[in-house]
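J.: Chains as they are written, first to last, in my numbering: chain A, 7 to 425; chain B, 6 to 311; chain C, 23 to 330.
Source of the hints: derived by calculation from the structure; they are not laboratory data. Source: prediction; values computed, not measured. Cβ atoms here follow ideal geometry from the backbone N, Cα and C, with glycine treated the same way. Incorrect hints may have been included.
From chain A, some residues computed to sit far from chain C (all C-beta separations above 12 Å) [what the hints assert, rightly or not]:
1) Glu35
2) Asn78
3) Ser111
4) Asn287
5) Ser313
Stretch by stretch, here's where chain B covers chain C in the computed footprint (C-beta under 8 Å, at least three residues) [said to hold, decoys possible]:
6) 49-57
7) 98-107
8) 165-179
9) 193-205
10) 210-224
11) 298-304
Below, in silico cross-link-like pairs of lysine to aspartate or glutamate (EDC-like), each with a Cα-Cα straight-line distance of 16 Å or less [stated by the list, open to error]:
12) Lys65(A) x Asp275(C)
13) Lys95(C) x Glu49(A)
14) Lys118(C) x Glu49(A)
15) Lys183(A) x Glu158(A)
16) Lys118(C) x Asp45(A)
17) Lys155(B) x Asp190(A)
18) Lys110(A) x Asp139(A)
19) Lys162(A) x Asp186(A)
20) Lys106(A) x Asp41(B)
21) Lys152(C) x Asp220(C)
22) Lys251(A) x Glu125(B)
23) Lys231(A) x Glu411(A)
24) Lys95(C) x Asp190(A)
25) Lys95(C) x Glu176(A)
26) Lys31(A) x Glu57(A)
Residue strings, one per chain:
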Amino acid sequence: MKRTLTAMALVLAATAATADSNGEKIVVEFGYPYSHLFDVTYEAILPKFYEAHPNIEIKMRATYESYEDGTNTILREAVAGTLPDVTMQGLNRQAILVEKGIAKSLEPFIAAEEDFAKDGYHQAMLDLGTFDDAVYGLPFSISLPVGYYNMEVMAKAGYDETNLPTTWEEVVQACVKLRDAGVDNPMFWGWNITGNWFLQALMWSQDKPTVMGNDFQLDSEEGLKALNTMQSIFSGCEMQNLEWKAALASFSAGDLGMMYWSTSAVGAVERAMGDFTLVTNEYPGITASGPMGLPAGGNSALLTSTSDDPEQLAAAWAWLKFITSGEGAADVARTTGYMPPNQAANEIILADFYADNPAKATAVRQLPLLREWQAYPGDNGLAATQVIYDGLEGIVTGEFEDMTELQEELSDEVQDLLD
Amino acid sequence: MGSQRAHLWFIGPALILMVIILLIPIVIAMGLSLTDYSLGNQGAAFVGLENYERIFTRSTYEKMFVATFRYVFVVVPLTVGLGLGAALLIHSLGRIGDLYKTIYFLPVMAALIAMAIVWEFAFHPTIGVINSTLERGCGSFLEAWHWYAKGCARTFPLWLNDREYAIWTVSFIGVWQGFGFNMVLYLAGLTSIPAQLYDAAEMDGATRGWDRFRLVTWPLLGPTTVFVVTISFIRSFQVFDMVEAFYPQGGGPSKSVYVMMFAIYEKGIQQNLMGIGAAITVVFLGFVMVLTLIQRRLVERRTHYV
Amino acid sequence: MSDVIQQDTPATTFRFNTRAALTHAVLIVGALIVLLPFYTMISLSLKAPHEIMQQTGGFMGSQQPFRDDFCVKLGNAVEDCLVNPIIYNYTTAFEKAPLLRYLLNGVIVTVSIFVIQVFVALPCAYALAKLRFWGREAVFALVLFCLLIPVHAIALPLYIMLAKLGLTNTYAALVIPWTISVFGIFLMRQFFMTVPDDLIDAARMDGMTEYGIIWRVMLPTAIPALMAFGIFSIVAHWNDYFWPRIVITGNRDLFTPPLGLREFKGDADGDNFGPMMATACIIVTPLIVCFLLAQRRFIEGITLSGMK
Chain A
7 MKRTLTAMAL VLAATAATAD SNGEKIVVEF GYPYSHLFDV TYEAILPKFY EAHPNIEIKM
67 RATYESYEDG TNTILREAVA GTLPDVTMQG LNRQAILVEK GIAKSLEPFI AAEEDFAKDG
127 YHQAMLDLGT FDDAVYGLPF SISLPVGYYN MEVMAKAGYD ETNLPTTWEE VVQACVKLRD
187 AGVDNPMFWG WNITGNWFLQ ALMWSQDKPT VMGNDFQLDS EEGLKALNTM QSIFSGCEMQ
247 NLEWKAALAS FSAGDLGMMY WSTSAVGAVE RAMGDFTLVT NEYPGITASG PMGLPAGGNS
307 ALLTSTSDDP EQLAAAWAWL KFITSGEGAA DVARTTGYMP PNQAANEIIL ADFYADNPAK
367 ATAVRQLPLL REWQAYPGDN GLAATQVIYD GLEGIVTGEF EDMTELQEEL SDEVQDLLD
Chain B
6 MGSQRAHLWF IGPALILMVI ILLIPIVIAM GLSLTDYSLG NQGAAFVGLE NYERIFTRST
66 YEKMFVATFR YVFVVVPLTV GLGLGAALLI HSLGRIGDLY KTIYFLPVMA ALIAMAIVWE
126 FAFHPTIGVI NSTLERGCGS FLEAWHWYAK GCARTFPLWL NDREYAIWTV SFIGVWQGFG
186 FNMVLYLAGL TSIPAQLYDA AEMDGATRGW DRFRLVTWPL LGPTTVFVVT ISFIRSFQVF
246 DMVEAFYPQG GGPSKSVYVM MFAIYEKGIQ QNLMGIGAAI TVVFLGFVMV LTLIQRRLVE
306 RRTHYV
Chain C
23 MSDVIQQDTP ATTFRFNTRA ALTHAVLIVG ALIVLLPFYT MISLSLKAPH EIMQQTGGFM
83 GSQQPFRDDF CVKLGNAVED CLVNPIIYNY TTAFEKAPLL RYLLNGVIVT VSIFVIQVFV
143 ALPCAYALAK LRFWGREAVF ALVLFCLLIP VHAIALPLYI MLAKLGLTNT YAALVIPWTI
203 SVFGIFLMRQ FFMTVPDDLI DAARMDGMTE YGIIWRVMLP TAIPALMAFG IFSIVAHWND
263 YFWPRIVITG NRDLFTPPLG LREFKGDADG DNFGPMMATA CIIVTPLIVC FLLAQRRFIE
323 GITLSGMK
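Here chain A stands alone, though its shape is the one from the complex:
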């Protein structure tokens, strides 16, 4: 009953907002990360938004330096009482804000919409921002893991666009052939990408979530398989423990033949690369049929407004909805290396765009595999991420050789933190 009343009130408020009843502009305070990447996106979206909603003004706050900075800033602002109305947060950072009650549920607003699904919001996409059966965040920009290949280097080992590796075993074989052909450092695998993303990729490849409720799932068959796969890749390819910027430099200079990272870096790679042919291809699977799921990277829009004014909330919702659907969402693909997870945007608006930009199309082909980028619950969630990171590093440096032992150690330590 209460929900219906809220819904009705909001519908009325929404109508009032668009009817421009009092002529005053409603100001929506907005914060987002990575100025260098997303400034141009919002610059492209704003004129379209103002055309549709002339009485709302979007005030941009100081941009966040990174997803981590974004979350920390929101936490500080929560204590200081200066939260913005809408904030963009990394997908695996939503949980923290939901747990602490800082992010507000979007259910009332969604219920007030006539035909939400029509706007292209399909279920898999909404799942990314759903917690306890309520939607808190609408995903804005999505990325998936892909493989980057330097075709000239791959040609030295006899590979071309038709026979690129599709499983990790084939990747290791390619490494061996490349090393025999004189390539010192054939591959880079992004184990060190934030939030244990690639571990989750290997788990989802086997259709297993990394965390279920409060339980860490590494102590399962799939977990052991994931660790063993990593070990075989690192040792089979004799992978160097490079930091991401160094790996990007190596790939751009033509040193690396294969690089596995997020699709969001396509723009940076294209800008920095030398004179060679770049091809992106599907993320290899553990079995021949390919991965069964892949974690989504990127950020989503959350409502953190502390205002009680229904008009204010309605305006914030209008902005939230605009940037995650239709032309607003399409601009994400046009201006960044991310994809909008909005079906309507991808299939209708951007069809030609992907035809012109094949390097970005790989991730779109993998969209059906979209799964959650999981956060570990509780106050120790981030500490758990670090423990896993350290463990994975140990595999790369060769410090840990027995994967069963490592599996046990990691499971114990992380479960201890999560309890």
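Add chains B and C to chain A, keeping to what the hints say.
T.: Using the frame of chain A, we list chains B and C on its own:
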């Protein structure tokens, strides 16, 4: 007369500000170290000494002490020594020395994030200037040196990402960044040594440079040296910006550069576990306090004040 | 008499020159090592993205026009978006972030901080160095203890205190935490202790107040130390990245110069190094100018204070 209590007016503002800006927050931090507070939570539960127990039993914290001590005991002697050496050489040159002074002080003036990026480029394992210069020597007599030959075989070391080398590379950059600071302090100290003392020493037969240094310069630099050593010590214990710039996550390969300040930041801010972060802060302060007292006792005893 | 001097001169000059030459040689080698990163920084600020990542192109880069992605993304044709690296890097540095505003903020903030620091620290240093009073050792011990306190440890409690006062996102928040400089107190105390007591007693007998003694007797003798204090304070607060980031979240008009660099960070998705390095070059320049000017006053200060 007012001068009896003049000192109260003089130390008053400083004391009040010290208490409000520095001491009260530390007391708050000490209080938080006994809880499990996390930013954004409504309240915090009292957990007693659990956080401290964690620090002294977990292996990651052992790495914290090792990394910090390695850094401090490399950087302090080198920055003090190089700072003194540079100051002496420049001081003997007169006006021309200004150019060198500015050059040597540049590392202190540059924004650290930018410098970290530049050093990362320089230390890149294959295309960075350091390793590509080393590679030029491949195929020459230098290969007789085993380490060099190994480098030529595959690649030269990953200076920033190999746990054998990382802490020393970071220490080197710390010295590069910090000795100019000490140089300026020593220059200030040298200029306050009256010239007559040198003339007097010369008349007493001290004509060689080393004698002048031993009899006049070094003793009169006493107060400056006390200051420089104390400050260098404290500053190097507090190293943070550089580690965060190079290793925003994890504190170096296998945590070999996991210095105490970074641990505080990682736990308190990055991982949002203010309780543990505050506990490490308290342990840090305890450590540094004890070490500073020891160091001051050793140095102050030998200082000659006018 | 004159013969002796004449005989001495050639030999002395010869020895002096070798010595000077050797000094210069050592200093030059040192200078080369010190300058290497700066050479790279300037070089990177002149290059196109692909030359930066692959580390090619010598010092200046080949200056071939490259495609500006941002311009293309906004819907312009590729031909309209070819830019020259140097021009692109430096204009983007000024356009992306209001860099001139940041530089102005840098000046306002660092000067305010230093002036307040001097007024708080110098009297305290004088009292600790030259006046005898009960509790002097305790106060000095407190100063030393405060030196140990790292700002990162107290950042969050300070932030909360300022937030409760409603002072976040203001100049006050940038200045207040730094008004107490225990470093300055310690430094000036060391120098004040080298001033002979007779000078002070003489001034007292001339009827000068204690307060007058600080500014008219102690300060002139410690100009080099004050210059050092000023240089450190200004450089440290000009380059401060951590604290402004914590306390200014609403509006970036209050950012200090180094924060201009964050506009170009992209982390996992690639940074924009060219304009980042250009910004770094721009923000270090005022400091260099300041330092050169300060050196002039350094020398003047020494000659003015006279030989003791």
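J.: Each hint should be assessed against the structure and marked as holding or not.
T.: For each hint, the structure was consulted:
no.: 1; hint: Glu35; in the structure: violated (8 Å)
no.: 2; hint: Asn78; in the structure: violated (9 Å)
no.: 3; hint: Ser111; in the structure: holds (24 Å)
no.: 4; hint: Asn287; in the structure: holds (19 Å)
no.: 5; hint: Ser313; in the structure: holds (16 Å)
no.: 6; hint: 49-57; in the structure: holds (count 6)
no.: 7; hint: 98-107; in the structure: violated (count 0)
no.: 8; hint: 165-179; in the structure: holds (count 14)
no.: 9; hint: 193-205; in the structure: holds (count 6)
no.: 10; hint: 210-224; in the structure: holds (count 6)
no.: 11; hint: 298-304; in the structure: holds (count 4)
no.: 12; hint: Lys65(A) x Asp275(C); in the structure: holds (13 Å)
no.: 13; hint: Lys95(C) x Glu49(A); in the structure: holds (10 Å)
no.: 14; hint: Lys118(C) x Glu49(A); in the structure: holds (12 Å)
no.: 15; hint: Lys183(A) x Glu158(A); in the structure: holds (14 Å)
no.: 16; hint: Lys118(C) x Asp45(A); in the structure: holds (9 Å)
no.: 17; hint: Lys155(B) x Asp190(A); in the structure: holds (14 Å)
no.: 18; hint: Lys110(A) x Asp139(A); in the structure: holds (13 Å)
no.: 19; hint: Lys162(A) x Asp186(A); in the structure: holds (10 Å)
no.: 20; hint: Lys106(A) x Asp41(B); in the structure: holds (15 Å)
no.: 21; hint: Lys152(C) x Asp220(C); in the structure: holds (11 Å)
no.: 22; hint: Lys251(A) x Glu125(B); in the structure: holds (9 Å)
no.: 23; hint: Lys231(A) x Glu411(A); in the structure: holds (13 Å)
no.: 24; hint: Lys95(C) x Asp190(A); in the structure: violated (37 Å)
no.: 25; hint: Lys95(C) x Glu176(A); in the structure: violated (37 Å)
no.: 26; hint: Lys31(A) x Glu57(A); in the structure: holds (14 Å)
When each numbered hint is compared with the structure, violations occur for hints 1, 2, 7, 24, 25.
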